[in-house]
Amino acid sequence: MCHRYVAHLVVLTVNLVTLVAALVLMLLHWRPGFIIIIICFWILTSLCWFLTGFDFFLHTFANDACSAFEDFEENPQNSSLGSMLPCIKESFSGKLIAEIGYTIHRFIVQLNSNISVAYRFLGVSEDNEALVGIMKICDPFSGNSNLSYVPQSCPQDAVPIGDISKILARFTCHKKGTREECRKEGRFLPETAYNMAHAYSRSIQDLLDIYPDLQILSKCTVVRNKVAEIVSQHCRPIRISTRLLWSSMLSLSIIMVLLVFTWVVETLQCWVKPLSICSRIARSI
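Numbering-wise, this note's numbering comes out as the position in the sequence shown, counting from 1, plus 11.
Just to be clear, a hint being listed does not mean it is correct.
[As the list claims (entries may be wrong)] Pair ranges (Cβ atoms, derived): (1) S91 to I111: 28 to 34 Å; (2) P201 to N157: 37 to 43 Å; (3) V275 to S94: 37 to 43 Å; (4) R131 to S91: 56 to 62 Å.
Because the hints were derived from the structure by calculation, they are not lab data. For glycine and all other residues, C-beta sits at the position ideal for the given N, C-alpha and C.
Construct all of the structure, not just a fragment, from the sequences and the given hints.
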């Protein structure tokens, strides 16, 4: 935007310099130099018309863009911008987020079920659960048909799924230890199984961490807020500035065309008249 204003300022400055040079040459009655100035001024006039067309395009583009943003803010469902955003379709985005939440919920439910089966097999009860360190995985989703994400709903005895690897590390038999040493220390879990459990638990925990952000994105909250900011703070100044710039360049271009034609007519008249008459004409101008 700044470069565009600099270009207009340069063109305007060159026009003023050329105009002053033309007036000086008219007073000096130097016809060849005055003709050269007319040619240069005509080139500048063509450049001004080019900038006028560019400014008109910019004004039209800014006006159409702001109109699209205003339509999106008033009625996102039926706007042209809303048709390009999948998150505007609440049925699609809501179903996608619900499917992600349901998948995580079913995974945690199945994991808790497997933990219960393993504890019954090992003979672990609530009396000695502190020795194991885990009895239940936190399930942040509540509800049957419509799941809602509530991380604060987890009971105190439940642990986040991302902390499973910390608990399993106490029972992991690493490669540097012998099988007999692991058996004596109660490290019955192979390192490969631990690595797999760590990868699964961390991936699910990372997905849970970004789940609120996914909900925001699914509702286009960021897009709606940004569009509202553009409409309220930027659209009106942009429309006014581009309209003023376009109208100013149009007025300047028209004035330059009239001025060039006037100079051409005066030059042709002076070409067929005596120099004294042209001198009087130049003084009158």
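Hint check results:
no.	hint	verdict
1	S91 to I111: 28 to 34 Å	holds, 29 Å
2	P201 to N157: 37 to 43 Å	holds, 40 Å
3	V275 to S94: 37 to 43 Å	violated, 53 Å
4	R131 to S91: 56 to 62 Å	holds, 60 Å
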